[in-house]
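K.L.:
Could you put the whole structure together from the sequences, leaning on the hints where they help?
Protein chains: 2
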Amino acid sequence: MIAHHKAYVELLDRFKHIALLESIEEVLTWDSRTYLPNCASEYRADQIALLTGMAHEKRTDPRIAQLLNELDADSINTEDISVEAVNLREWKRDYDKQVKLPKQLVEEKACTAVKAQSTWVEARKTNNFGAFKPWLKKTLDLNHQTAECLGYENELYDALLDLYEPGVLTCDVAPVLSQLRNELVPLIQSIAGSSKKPDISILERETSKSAQRNFASEVAAAIGFDFNQGRLDETAHPFCIGLGLNDTRITTRFNENYLPGALFGVIHEAGHGIYDQNLPKEHYGTPMGQYVSLGIHESQSRMWENMVGRSRSFWEYWYPKACEYFPVLKTVTLDDFYFAINEVKPSLIRVEADEVTYNMHILIRFELERAMLNGDLSAADLPGAWKEKYRKYLGIDVPNDTKGCLQDIHWSGGMIGYFPTYSLGNLNAAQLFRKAGEELGDLDDMFQAGDFSTLKNWLTEQIHSQGRRYRSGKLIEVVTHEPLSAEPLIDYLKTKYMPLYGL
Amino acid sequence: MIAHHKAYVELLDRFKHIALLESIEEVLTWDSRTYLPNCASEYRADQIALLTGMAHEKRTDPRIAQLLNELDADSINTEDISVEAVNLREWKRDYDKQVKLPKQLVEEKACTAVKAQSTWVEARKTNNFGAFKPWLKKTLDLNHQTAECLGYENELYDALLDLYEPGVLTCDVAPVLSQLRNELVPLIQSIAGSSKKPDISILERETSKSAQRNFASEVAAAIGFDFNQGRLDETAHPFCIGLGLNDTRITTRFNENYLPGALFGVIHEAGHGIYDQNLPKEHYGTPMGQYVSLGIHESQSRMWENMVGRSRSFWEYWYPKACEYFPVLKTVTLDDFYFAINEVKPSLIRVEADEVTYNMHILIRFELERAMLNGDLSAADLPGAWKEKYRKYLGIDVPNDTKGCLQDIHWSGGMIGYFPTYSLGNLNAAQLFRKAGEELGDLDDMFQAGDFSTLKNWLTEQIHSQGRRYRSGKLIEVVTHEPLSAEPLIDYLKTKYMPLYGL
Chain B
1 MIAHHKAYVE LLDRFKHIAL LESIEEVLTW DSRTYLPNCA SEYRADQIAL LTGMAHEKRT
61 DPRIAQLLNE LDADSINTED ISVEAVNLRE WKRDYDKQVK LPKQLVEEKA CTAVKAQSTW
121 VEARKTNNFG AFKPWLKKTL DLNHQTAECL GYENELYDAL LDLYEPGVLT CDVAPVLSQL
181 RNELVPLIQS IAGSSKKPDI SILERETSKS AQRNFASEVA AAIGFDFNQG RLDETAHPFC
241 IGLGLNDTRI TTRFNENYLP GALFGVIHEA GHGIYDQNLP KEHYGTPMGQ YVSLGIHESQ
301 SRMWENMVGR SRSFWEYWYP KACEYFPVLK TVTLDDFYFA INEVKPSLIR VEADEVTYNM
361 HILIRFELER AMLNGDLSAA DLPGAWKEKY RKYLGIDVPN DTKGCLQDIH WSGGMIGYFP
421 TYSLGNLNAA QLFRKAGEEL GDLDDMFQAG DFSTLKNWLT EQIHSQGRRY RSGKLIEVVT
481 HEPLSAEPLI DYLKTKYMPL YGL
Chain A
1001 MIAHHKAYVE LLDRFKHIAL LESIEEVLTW DSRTYLPNCA SEYRADQIAL LTGMAHEKRT
1061 DPRIAQLLNE LDADSINTED ISVEAVNLRE WKRDYDKQVK LPKQLVEEKA CTAVKAQSTW
1121 VEARKTNNFG AFKPWLKKTL DLNHQTAECL GYENELYDAL LDLYEPGVLT CDVAPVLSQL
1181 RNELVPLIQS IAGSSKKPDI SILERETSKS AQRNFASEVA AAIGFDFNQG RLDETAHPFC
1241 IGLGLNDTRI TTRFNENYLP GALFGVIHEA GHGIYDQNLP KEHYGTPMGQ YVSLGIHESQ
1301 SRMWENMVGR SRSFWEYWYP KACEYFPVLK TVTLDDFYFA INEVKPSLIR VEADEVTYNM
1361 HILIRFELER AMLNGDLSAA DLPGAWKEKY RKYLGIDVPN DTKGCLQDIH WSGGMIGYFP
1421 TYSLGNLNAA QLFRKAGEEL GDLDDMFQAG DFSTLKNWLT EQIHSQGRRY RSGKLIEVVT
1481 HEPLSAEPLI DYLKTKYMPL YGL
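Here the protein sequences line up with chains B and A, keeping their order.
Under the numbering used here, the first residue of the first sequence carries the number 1, and numbering increases by one thereafter.
Under the numbering used here, the first residue of the second sequence carries the number 1001, and numbering increases by one thereafter.
It is possible that part of the hints are untrue.
Stated by the list, open to error - Facing chain B, according to a computed beta carbon distance under 7 Å, are these residues of chain A, among others:
id, residue
1, Val1027
2, Asp1031
3, Ser1032
4, Cys1039
5, Ala1040
6, Leu1050
7, Asn1228
8, Gly1230
9, Leu1232
10, Thr1235
11, Ala1236
12, Leu1245
13, Tyr1319
Said to hold, decoys possible - Below, a list of computed lysine-lysine pairs in the DSS-like style, where the Cα atoms sit at most 25 Å apart:
id, chain 1, residue 1, chain 2, residue 2
14, A, Lys1115, B, Lys16
15, B, Lys196, B, Lys496
16, A, Lys1058, A, Lys1281
17, A, Lys1387, B, Lys58
18, B, Lys197, B, Lys330
19, B, Lys138, B, Lys97
20, B, Lys281, A, Lys1115
21, B, Lys474, B, Lys92
22, A, Lys1103, A, Lys1115
23, B, Lys103, B, Lys16
24, A, Lys1058, B, Lys103
25, A, Lys1100, B, Lys103
26, B, Lys387, B, Lys138
27, B, Lys125, B, Lys115
28, A, Lys1209, B, Lys209
29, B, Lys16, A, Lys1058
30, B, Lys435, B, Lys474
31, B, Lys115, A, Lys1016
32, B, Lys392, B, Lys345
33, A, Lys1103, A, Lys1016
34, A, Lys1387, A, Lys1403
35, B, Lys115, B, Lys403
36, A, Lys1387, B, Lys115
37, A, Lys1016, B, Lys109
38, A, Lys1058, A, Lys1100
39, A, Lys1115, A, Lys1137
40, B, Lys330, B, Lys196
Because the hints were derived from the structure by calculation, they are not lab data.
A virtual CB, placed ideally from N, CA and C, is assigned to each residue, including glycine.
P.N.:
As structure tokens, then:
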């Protein structure tokens, strides 16, 4: 039994210790994004760098290689999905990656991320791309170095993408995004040509922050986010983060003149949170207790946000409650509300984009970061290139960088190669959601009756409880019995939006 | 030059590294008292224990003894107050203490504190002493062990008191507290016999949490608390904590039907915060950048809270502003408000006690924890003994444990021997405040004109900037040219309260 092998037990201990250390780093990260005083960011960067360095040292301890060797981790059958085989395989993969990165680079990346992020927060507030530019340059440089250290199949970008979506290559993603564009641009155009338009002014009626917070919290709890193991806080850019066992926190931003922002933001982050909270706790700190990839993570958030949260059946259940929280909605019919929250319209802000245009936002970021990384685009030219692409792909003018290239937190956090996972998330979500409907029966009937736990439990069983047992592509195949394809997403979008717009 | 000696430079590096590590622990502590989800406290305890253990290991590294030895730290002239002499002397003191404590005990204390505290929060809410009792027992046991490890002059309690107030013995504190009691009980009785009574119902008029928060924040900023290097949050038990360089956070609790609670709580914690924020930053992480003792820390908070914050001149400046924040005060005269916030009346809650009766609350806690530690009182008998003492010393009945022995956070946090430092704080504050008046001129004129920086700057120069250059008793002597005495406090209280009550 590998499980009782001394070397395996030592590895378990080591990785649980590393998880403990890294969870502390997550507390510092969460705090630095929510509540850190202005002047404290330099010292916080030192605190984070200390932990990052310590964790990196432990992750790259040659003893690990020795133990993996002793257990013959290299020769594990790739079809073996026992707990021990999964852990050993993934430890091996992580170790091989980690040892390629010098400690100094890892520490500098962590340190830079904190400083860049606090600069970004100000730069975004004041529409000052110039202030952020040197940090973007530095971030690109550090990512360039990272990719060189890790090695790559075809291009630098491959190495970075693999950090977020193990096993997926740039040349896998690029055509899928193009396919989506080819299929969706005509749909977007048809919709634009439709005379049916929702009245979205109803969503701009003033609703208090506290009512928004309370309603969103009630919804989040109802779909399965456990507030005894989590929290909701307020930040400029919403995110979800695990700070340790039984501690998963989400954030949102409130706009009293735009109800859907925080509401769907919370449902989205709660989707991430539910995944995190339902990973197998007994495996916490080991691959079997970890998420598969960002594309799988995002499938959970996008499914809850859009396929559930923007469905008509969902609102048949929630709308009466919403009208109690927000009396300004009492004069609005459910049909009008449903149409308004599903408006399709090219827009500036990714996180507020509708389901149909969303992937265009991703395509733009993917192309820009890939170009910057390859040296085809300089950091200084980013704002111009951003504006050009928005004009080209979405037909809209970007009035300033705050609503343009400064809107997302990712680059300031050092993350290049992350954006494509959002589109992978949408694709995964559509394919999983279709399968759930086939297996569970009519999901709309359930949502209408306020039953969200049937779907949530199915996701826990199929996805959450699996930890890193499979790579993302394989997991989708195991669950849906088909390889990932763009068809379910395109079909879902057409089925939903064509009738809505009378097409 | 010691400053350039290789051994000294290595010690500096080592202790700055330890400070970095310990500051991370403070972030976890702050978070666990403010925002930690219910279910996460066990894992949080593990996180904290990990850091505590690591810091303890580094603090007790034999290399430190070797370096101190190399620099002859033992033979430094006690009169030498150069930066290097102070650092070496205090490092030596700390090291000698630390090596006496086994790592396992240190970790268990840290771990127990987190669990005990989360139990206490619930126990306090539900008036359930039974739930907290086993944790109190364990805390006493761990403190007993700590004292035995450290060694003591006359009794176990000495070893614990010395942790918070270096160099002070139980037999120094006990008579001072008795002296205060002997002097103040007649004053309390005279006041009780006075026909003049404030109308405190004016303080119970409803005022919103947000107005309270905004006003208290404005006051805190005006007296010198820098919100760019700090925050204000909400907790059951108010506290102040440093989370690293330029990061000092205070907390309070709001009661919409009792204005002074949060208001003076914030001024109190801001007083602590101002001390922390004005320690010499260039010495951060070394004794020269650390506070002297809790009795000195408390002198800063109590001075701002009471001697400044409850003075008539302070309110001559602030009252018009207060009336804008709290329109319910517009029908109340300044005289009536001033009298109300200075009501003297035996009461149940320490942190809400007036200046005159306050030290009785401390005496009670001091006697009870000393008795429990010595084995003269069992944890199970605490609630009864608590009630008895309140009847005896303050003449009041304690209706339940929530308002009795469960009210304070200290014991749940593992701190025994801490309470006397509050009274030492009052004594220090009175003696320093008298001296400030002698040196700076009429403080009332300054307060009335909204000038709080003259006093704040004097405190920074005299106290904050000194770090741990002197022990508390010596510092008071250096600044005031007199040894600590109860006379300034007694004089201050009589001068303020006798006219107020027409005596």
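K.L.:
State for each hint whether it applies.
P.N.:
Structure-based check of all given hints:
no. : hint                      : in the structure
1   : Val1027                   : holds (6 Å)
2   : Asp1031                   : holds (6 Å)
3   : Ser1032                   : violated (9 Å)
4   : Cys1039                   : holds (4 Å)
5   : Ala1040                   : holds (4 Å)
6   : Leu1050                   : holds (6 Å)
7   : Asn1228                   : holds (5 Å)
8   : Gly1230                   : holds (6 Å)
9   : Leu1232                   : violated (11 Å)
10  : Thr1235                   : violated (13 Å)
11  : Ala1236                   : violated (17 Å)
12  : Leu1245                   : holds (4 Å)
13  : Tyr1319                   : violated (30 Å)
14  : Lys1115(A) <-> Lys16(B)   : holds (21 Å)
15  : Lys196(B) <-> Lys496(B)   : holds (15 Å)
16  : Lys1058(A) <-> Lys1281(A) : holds (22 Å)
17  : Lys1387(A) <-> Lys58(B)   : violated (53 Å)
18  : Lys197(B) <-> Lys330(B)   : holds (21 Å)
19  : Lys138(B) <-> Lys97(B)    : holds (22 Å)
20  : Lys281(B) <-> Lys1115(A)  : holds (20 Å)
21  : Lys474(B) <-> Lys92(B)    : holds (19 Å)
22  : Lys1103(A) <-> Lys1115(A) : holds (19 Å)
23  : Lys103(B) <-> Lys16(B)    : holds (20 Å)
24  : Lys1058(A) <-> Lys103(B)  : holds (21 Å)
25  : Lys1100(A) <-> Lys103(B)  : violated (35 Å)
26  : Lys387(B) <-> Lys138(B)   : holds (22 Å)
27  : Lys125(B) <-> Lys115(B)   : holds (16 Å)
28  : Lys1209(A) <-> Lys209(B)  : holds (16 Å)
29  : Lys16(B) <-> Lys1058(A)   : holds (22 Å)
30  : Lys435(B) <-> Lys474(B)   : holds (15 Å)
31  : Lys115(B) <-> Lys1016(A)  : holds (21 Å)
32  : Lys392(B) <-> Lys345(B)   : holds (15 Å)
33  : Lys1103(A) <-> Lys1016(A) : holds (20 Å)
34  : Lys1387(A) <-> Lys1403(A) : holds (10 Å)
35  : Lys115(B) <-> Lys403(B)   : holds (21 Å)
36  : Lys1387(A) <-> Lys115(B)  : violated (53 Å)
37  : Lys1016(A) <-> Lys109(B)  : holds (22 Å)
38  : Lys1058(A) <-> Lys1100(A) : holds (14 Å)
39  : Lys1115(A) <-> Lys1137(A) : holds (13 Å)
40  : Lys330(B) <-> Lys196(B)   : holds (23 Å)
The structure fails to meet hints 3, 9, 10, 11, 13, 17, 25, 36 from the earlier list, while all remaining hints are met.
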